[in-house]
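Asker: Residue numbers (the working numbering), protein chains in the order written: chain A, 37 to 226; chain B, 37 to 226; chain C, 37 to 226.
In short, the hints are calculated from the structure, not lab data. A virtual CB, placed ideally from N, CA and C, is assigned to each residue, including glycine. There could be a bad hint or two in this list.
Using C-beta positions, here's what the derived DEER-type ranges look like [to be verified]: (1) Asp212(B) with Gly171(A): 36 to 44 Å; (2) Asn154(A) with Gly160(B): 14 to 22 Å; (3) Asn154(C) with Ser162(B): 17 to 25 Å; (4) Gly160(B) with Ala147(A): 13 to 21 Å; (5) Lys110(B) with Ser162(A): 43 to 51 Å; (6) Lys107(C) with Tyr141(A): 28 to 36 Å; (7) Ala216(A) with Asp194(C): 32 to 40 Å; (8) Arg161(C) with Arg161(B): 23 to 31 Å.
Over 12 Å on every C-beta distance to chain A, these chain C residues come out as not near it, computed from the model [unchecked claim]: (9) Lys120; (10) Gly160; (11) Pro214; (12) Gly225.
Covered stretches of chain C, as calculated for chain B (at least 3 residues, CB under 8 Å) [to be verified]: (13) 85-95; (14) 104-111; (15) 135-147; (16) 172-184.
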Amino acid sequence: MQSSVSLSSAAAAAPFGGIKKSATSSFPVKSLYSPTPSTLNDPSVMAAPKWAQKTITLPPQKRGCHLITPKILKEIGGDLSGFKCGLANLFLQHTSASLTINENYDSDVRADTETFLNRVVPEGRSAPWKHTIEGPDDMPAHIKSSMFGCALTIPITDGQLNMGTWQGIWLCEHRDAPTARKVVVTLNGI
Amino acid sequence: MQSSVSLSSAAAAAPFGGIKKSATSSFPVKSLYSPTPSTLNDPSVMAAPKWAQKTITLPPQKRGCHLITPKILKEIGGDLSGFKCGLANLFLQHTSASLTINENYDSDVRADTETFLNRVVPEGRSAPWKHTIEGPDDMPAHIKSSMFGCALTIPITDGQLNMGTWQGIWLCEHRDAPTARKVVVTLNGI
Amino acid sequence: MQSSVSLSSAAAAAPFGGIKKSATSSFPVKSLYSPTPSTLNDPSVMAAPKWAQKTITLPPQKRGCHLITPKILKEIGGDLSGFKCGLANLFLQHTSASLTINENYDSDVRADTETFLNRVVPEGRSAPWKHTIEGPDDMPAHIKSSMFGCALTIPITDGQLNMGTWQGIWLCEHRDAPTARKVVVTLNGI
């Protein structure tokens, strides 16, 4: 774990002074999507909106696609459990790696994805790049980073990341030289 | 509609006991972006933050790109109308399909996009994939899913998805065999 | 700047009438990620959740990738400073341009990325597109828009976009004819 920042929010009780009362009466909190009787009686739905943010450092990985769901859950799982409903944003602070969601079971899928990326983005003598001062793998890495993206937003439901059965979080390392990678995780919900 | 979860948040009035008063006075809610006189007087800006979450099941679609904006709005449009300002997150729980935003008018654009995907990702005898046990279309489907992504976050403004005139939400089905697909929709806003 | 909408939220003090008290006592706001003593005493963590939303119009740019971080910060920097922790969503309302995060230093990286996009997406006589009525660059532009995406969600930390040292926000213009482009920026946090 890296530096960890900030936390939770609590709404001010009387934000615009005199109009507090009418606001309260005019805009009661609505329950959307027909909560079941059990959730209507569940005091957790009254919890204040919470924010949490943390920077995770992932250890250096070799070029290729890596399943990092366990590592991410180890870092944030305890905090996730405090959210009934919300969103988790994972933001990779780099331009030569990427975050994506894909199959979590067969490692061949990750190997094949790396094969694809290397086929679709030219590298080495056949490549037309002007930006070569950081090595032949650098410009392809930048392109791959924009193809897959550096950020994910995942729903939180009942204290867990609400991904599908076969979904996992991948870190795709596009450089030859492994380096540690930082991910800013932001949790928001109730 | 699938199982539906959760609802709305209401901030606790005095979260850290004794410091409530100073918090209220030190951090009044600021009106950002110069609200017009009409919004300043609009009690809706005083509404409590709300959360809503729901899983939508999209019926099986054939391989290709499909405009699903009407289906999504049919499922969430009523709830959207309760949000003055916010964000809608759509999260597809699958690794062989994708969600993207693109042109909502000419179906040729969707057909051409499918043509592109099939050109850029090798399939069949010419393909180098190791992961073939689920059929020749499976590994290409995984790659396409990461290329376009499985999630969208769209602004909500005045009770509607604030997309551009020509934007629509697409479900791209990358498998040959149509299957139902689940999308977790999370709404958050005021 | 375009029309600007809405603003901030203030939670109603007693949303479900009689149960206010138990809600408050049962669900105190938890401080996640071990705030340091200084943040525990920092009244900003008591601030109400805030929402801000604004439509920015970017001036017409020629086909290619453009660094727009300074322009974005000029428009929202003042408001960002009011957020201790949060998320910024940037949503491009167009289907023939894209937003991505990539290298912010060497303009060759942007030029090479444009070269890549033009290589991977066929255009002109060699292209198989059915959708040609808006010009030979239009269908390729739609495909590139889905490849890179039209939206970004970036963490806010201590009043700033918490991107990595080398990250910048790019607008990629995929049409030959420059046109103004609109971005809806939504800020949410405490």
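Asker: Hint by hint, where does the structure go against what was stated? Just the numbers, ascending.
Answerer: Per hint list: 6, 7, 9, 12, 14, 15 violated.
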